[in-house]
Structure formats: C-alpha cells, structure tokens
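Peer 1: Here the protein sequences line up with chains A and B, keeping their order. Everything in the first sequence is counted per our numbering, starting at 1 for the first residue and increasing by one. Everything in the second sequence is counted per our numbering, starting at 1 for the first residue and increasing by one.
In short, the hints are calculated from the structure, not lab data. The beta-carbon is built from N, C-alpha and C at its ideal position, and this holds for glycine as well. A hint or two may mislead.
[Said to hold, decoys possible] On the chain B side, residues computed to face chain A include the following (Cβ under 10 angstroms): (1) Ile8; (2) Thr34; (3) Gly304; (4) Pro583; (5) Arg585.
[As the list claims (entries may be wrong)] Heads up, incomplete: computed chain A residues facing chain B, CB under 7 angstroms, no partners named: (6) Leu72; (7) Leu217; (8) Ala218; (9) Ala221.
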Amino acid sequence: MGLRELLPGRRPRPGPGTPLADLAAASAVDPATPLDQVRLLALDLETTGLDPRRHEVLSVGHVPVAQGRILLAHARHELVRPQGPVGESAVHHGLTDDRLAHVPDLAQVLPRVLEALRTGSAQDGEDARPVRRVLLAHFAQIETDFLAAACRRLYGTDVPLQVVDTLTLAQRMLRVPTPELASGRLRLDACRRHYRLPRYRAHSALTDALACAELFLAQSAELAEQYGRPLRLADVLTR
Amino acid sequence: MDVELAEIRDFLAEHPPFDALPADVLDRLPARCTVSYARRGTVVLRPGDHGDRLYLVRSGAVDITDEGHLVDRVGAGGGFGMSALVEHVPARYAATAREDTLLLELPQADFDALAAEHPAVAVHFAATHHGRITAAIAQLQTPARGSAVLKTSVRDLLRAPQPVSVAPSATVAEGARVMTAAGVSSLLVMEGGSLVGIVTDRDLRRRVLAAGVPPDRPVGEVMTPDPVTLPARALALEAMLEMTGRNIHHLPVVEDGRVLGLVTTTDLVRLERSNPVYVVADVQRQEDVAGVVEQAARIPAVVGQLVREDASAADVGRVLAALTDAVTRRLVVLAETQLGPAPGRYAWAALGSVAREEQGLASDQDHALVLADDADPADPWWAAMAERVTAGLEACGLPRCPGGTMATDPRWRQRVSGWRSQFARWGEEPAPEAVLRAAIFYDMRAVHGDADLVVGLRSEVVPLGGRSDLLLAHLTAQSARMRPPIGFFRGLVLEDAGEHRDTLDLKRGIAAVVQMARIHALRAGSTALGSGARLAAAREAGILPKESATDLTDALELLSYLRLRHQAARVAAGEVPDNHLDPRRLGSLDRRHLRDAFAVVRSAQQGLSSRSPQVG
C-alpha cells in the first residue's frame, strides 16, 4: 500500500485525539481495490478566491459515493463564517456577509469534514482499521489546497488524501491538452453536457459536489466500457 | 434541514405523482434516494429480479420490454420497477437503458411509507404498472376477435395478489381457519414453493365432514393431489372448458412453475355478464322504458371490459353502435306499442358517429326520420314517437343534440322527396353555415323500419354531393379549421382556459379525420359510412394515395382508442366521460404516437386544402 505519506519525520504527526489524527490513522485504500468497493466522498468548497493563503472557505458540500451509488441520505452542506468580508466573490457564490454572520467558523466545520472523509471499519471485517474515503472533486486542487491549509492552521500539520479528479479524468478521456483548460471545455457544466447529464440551475457547494459525483459515475461507466473490464481504483486515481 | 438537495427536489416536484405532494414531504424525499448511472445498453432490471426500489429516470431513457417486445419507453420523470413495489412480485419486464441514463432510486421501505401516507403515489404507480401489463398483453394477443372468453387470458382474471396456501403437514382444522380468515373457498397446498395439491370447500364437506375424518389430520390426506393448472397465457375459454369438462370450480394459474393465483367459476361468470351479446338480448326483452334504461346502464361496463381486453377502437365502435341500435330499436318498438301502428312506411335513421359506428361514450344523439313518399309528415304520430324515443335515449345516458339534429325537429322528419330536395339545396347552397349542418346528414344509417328508404335516398344524393364543387369546398374549409392540437407543450397544444385547462381535446383530431374521410368518399361517389371504409374507397378510386389512406386510418384508430380508454377510465372512476385527455397521464410511447397521429392529420389537411377548390 502506498503509505509514503505516513512516513515519520517528513511531516509532524497530528496531535492525538484530533479528528486529523483519526483520519491519519485510517488506512489509505489499496489502488488495486475494485472501484465498486471503494468509498469516495464528492466534495466541493465555495471560497472567496483561489489562493488558500489569502482566501477563505465559505461553504462545504459533500456526498458519499459507494458501490456505484450516490448516497443522498448522507449529503451535507455547511456554511462557514469567514474572518474577513466575502467581497466581490459574492457575485459567484451568492453568499453574503450577512448570510454568513451567524454560522459556525472553519474550526467548527473542519472536524466534521475530516470525519466524513473517514469511514467506519472496513466492510470485510478482516481489517478492523478504519478506511479513508477517496476525495472526489472537479479540479480537486482547490479542495485539497484549502483543506491542507486549514489543517495546518488548526492542527499544525495535514494529511495528504487520495484523490480522484473528474477534470483530470475528462482531460484523459477527451485527450484534451492542458492549455485547453482555460477554454472552458473541461468545466464541470461542459463535462456534464458531454454525458447529457441534467443541467443544474443553481450553484452551491452541495449541488456542485453532487454534480461532480454524477459526472464521475458517467465517466467510470464509459471507462469500464473502453477497458472492457471492471475498473480498479488505480484506473481513476489522480494521486 | 435546509432544502439543500433543491435540484433533486425541484426535479421531483415537476413530475407526477410527486408534484401533488405537500412541500414538506417533498423536501424530505431527496435524502431518501440514491443516484446511479446506467450506460446505454445496460440492463438495469431483468425479469425475475427481486427489485427492492423504485427507479425514476432523472435523465436519459429506459426501455421496458417483455420478451423483446417494447412495452413502454420511460423518459425523464418516468418510473419503473413497479412489479416489486406494487405487486410484491419479482420484476415482470426487463428494463434496459436506451440512452446513458441517470437514475434516482427510492428504496422499497421509503416507497411503502410514502405510499401509505399518500395513496395517490401508490395509485399513480399501480396505474402505470397496469398500463404496461395491458400493453404487454396486447403484444401477445391474436388478431382474431370474438367473445370475451376468446380474448381474455386467465392472467387478466387474477385478482388477489397472492393465493392462500398451507403446507401439506398443516391440519385440516388449520386449513379451514386459514380459508375462513382469508374469505376464500379454496386453499392451495404448497411444499417448498411448488404446488402439490388443492383443498376446496366441497372437499372439506365431502372428504372430511361426510367421511368422518378428524380435523387434526394433515391437509395432505384430504387434498386433491397434483391439481389441474393452467398457464397464465391460457384463454378464459380454456379455463371454462377445463372447469365444465372436469366439474371443478377452481383452477390455479401457473407461470414458470410459480403459482400466480386462482381462477374461479365466479370470475368466468363475471366476464360473460359483460358480453355485449347478453346485453343486446336483455335489452330486447324489456317491456318498458325503465327496463331499457336499466339495461343501458350496463353499456359503459361493457365498453370498459372491451377496453381492458384491448379491443381496437373500430371494434368497440361497432359494439357500441350495435348496443345503441338495440336500445333505440327497443324504444321505437315500445313507442309503437303505446301510440299504435305508424301511419305509413318509415325508417328511423341514425346520423353522425352512430351511423358511422364510430361513437365514443360521450356521443350525443343525432337522428332523423325518413318517411315514404305516400306518408303524411304532418301526422302528429311522428312527433309523438320521436319525442318518446329521444326522451328514452336521453334517460339511457345519450344527451340530446345541442344543435337539435334530431327527429324531434320537423325539418328532420321528411319524406324521401323532401330529403332529396334538401340535399340538393345543400349542394347548391352558398351559405357555409347551412353546409356546416349538412355534413352530418351524409352519415345516415337506418336503425329501425324500412331500411330501403335510406339506402335509396343515399344512392341518389351521395353522387350528387360528390359532383358539387361548392359543397366539397365548404366541407374542406370546415375541415381545415379543425386544427389538430400540435406544437407547444411537448409537441401537443393544450386547452389554455376554462374547465378543460391543460387537457387535449381529442375530438378535434378525430373530427378532422372523419371530415376528410367524408369528403374523400363523396368525391369517390362511395356510399360507405365508416371512416376506414371511406378512406379505403377513396384509395381504390385513385383519389387518395395508399400511404395517406393507411396513415389516416391508423391516426383515427389511435385517437379513438385513446379517447375510449380515457372515457372508460372516467366511467370507472365514477366521472362523466368526455373528450378531454390530460397528456401528462399518458405513457411516453402513447404521447409520441399521439403526436405522430396529429402530425398525420395536419399534413393530410394541408394536402386536401391545396388540392381542393377554394371558397372565399
């Protein structure tokens, strides 16, 4: 198993008893695992900008995916109170300072997100250690960077996550060179149109997480057909 | 919780039956669901699968097939997987993704809870499910049409969801208790899922009580082992033959070794009661108007039965005409009995849809009297008789014609010579209003009395009308105004105001085809009455291309069939049958066919208008 991220010394261990420590203690998923046995968590963040050093998280939406199904019962959406004003970014996400004035701050919300990334014990029972969910996002760098920055600030360290990025998958499947990124062909909406998935009118962190999860189901179905065999996690894993 | 799965919620809110749910119920529904994805060609459900969820198509499309035959095509907002939910049996049909499809799944337990609290949800999916079964059965049907026992399969007769059964080791007393509790007269004896015997009330009497067998003996000792069974596709006729031939009253129905239910003699009797032949015979036996009215009340049920058997609209139209004729004839005879013999030779003639044998359940009365040339139209006997018959028909559920086209109007009680000059005036009449009225008189059929009077009259006036360019032009202009509703909402235009808001007036499409057939028949000089026969006559006369004749005939059949099914459903629900269909209640396949039918009508109208002489 690729556990290089847990090698001692490279990075300080998270303080025991914290949600981050629990997540760190959970096993990473073996990339050889059949994809339908992997649990994923589709996650989306709305932020005030793209730079985790300067910008803040305003809302978090996530919904688990397991055995080829999106589990709406466990879908969560949380607003996050920023330290500074939302500024111009309100144009994109519609979240105003007033709307966010009395919601929990990131220190309260982050533990719940980390908890969602850690499932219960492994299903088979052989390995009783908790297993992590694989993070599923479209252009996942935003989510991983902001989560890592938040963890470092709150716990002094972070835990790299296994990631499936639907944008990377789309790039690979459509054979689009990277410069095309900016042209919008690979934006979430555009990718969904490619699979004729329904259009979502409103945007919120949860809607986008759900949209990303649906896109992933469509992509993995197509990929399995191309390969002519059931997929393994390694087939879709970005890192 | 905040309505965070708003997109899913809004999707549900757009589609029946969820659109009728209270907002708070709707808000909670998305969180009960899971989402899955089926690539084109993926089989989502196989027949025999034990489904445990309702599938709703979120995007894409799914084909429902029965042994390769398409039963339904489900688009966004449609559902499947109802066998498990509604009937608690394994899937009947295969469900295959026709396009890449996103599915919303509601687990059985959540569906049950929802359906328990909101029965409309259960009713909606049960109706969809029933519609699919009907469609599937239609695929299996032979084209031959006969009495109900020839057309109905025993599967159609099954009512209770699960037959009552016990193990062979159960005691006779236990068996009797089970039967009493379930209110049934027979008990299946099952061992390891297979049928090993049957016990009936009669067996308990003869083999237990009369034989002095103690009630603690096992059922296996008194049952009829290896009972006669029927496959689900057997016809009711076969069931009848088995029962009378073997003197038994209960027949288990099996499919793939599985018992589906029981058919009893009661089921067969009920089936035969709605046979039109019996109704006609019963009508003829009545000695007063009240008796005729009472028998006529059975007619909607007869139509309902025929619709359930998936008889064609053309067949149902003929049966309905035969029944209406029988009622009319009996009313005329009763009037003659009361008023004394008629003061001359005459014919009671049906007009319009009854004459064409194309009526639906919402048709009103249209009729006339054709008197022999030596009869006196001024004799009060005619008016008295016409009033009695008209009132009788009204009591039988056929409303009076709002336009007054009935034998009660002295203008429509004429001698043959009078009718001849009337038709001649219509041929030369410049006023379109008069021609509007005329159309219906070209559909005239003798129901009672001297049929030759009508036949003779028509053989003269039909060719006359066919030679009148003015009449044809007026009729064509009138037909062009009967715009089939096609174009906006999912390809169909709905009434946008009034009591029939958001419905589709099927009569407009039907009337347009009927009128075109009438015009074509006149031009061909044909005295045919039925629209199908008229289109065929026009085709043979080389006036109408073969494809157009076939398309119009098919369009008329489909529109009439949908109207009948709609009317039968309204009657079954205790409502007044009408012509206003809610397209949202149609399956996607029906909707597509309906759109095609309207498109056929529209293009035929355009063709007719461009070829016919024009009026200003």
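Peer 1: Each hint: holds or not?
Peer 2: Consistency of the hints with the structure:
{"no.": "1", "hint": "Ile8", "result": "7 angstroms, holds"}
{"no.": "2", "hint": "Thr34", "result": "4 angstroms, holds"}
{"no.": "3", "hint": "Gly304", "result": "39 angstroms, violated"}
{"no.": "4", "hint": "Pro583", "result": "22 angstroms, violated"}
{"no.": "5", "hint": "Arg585", "result": "23 angstroms, violated"}
{"no.": "6", "hint": "Leu72", "result": "5 angstroms, holds"}
{"no.": "7", "hint": "Leu217", "result": "4 angstroms, holds"}
{"no.": "8", "hint": "Ala218", "result": "5 angstroms, holds"}
{"no.": "9", "hint": "Ala221", "result": "4 angstroms, holds"}
When each numbered hint is compared with the structure, violations occur for hints 3, 4, 5.
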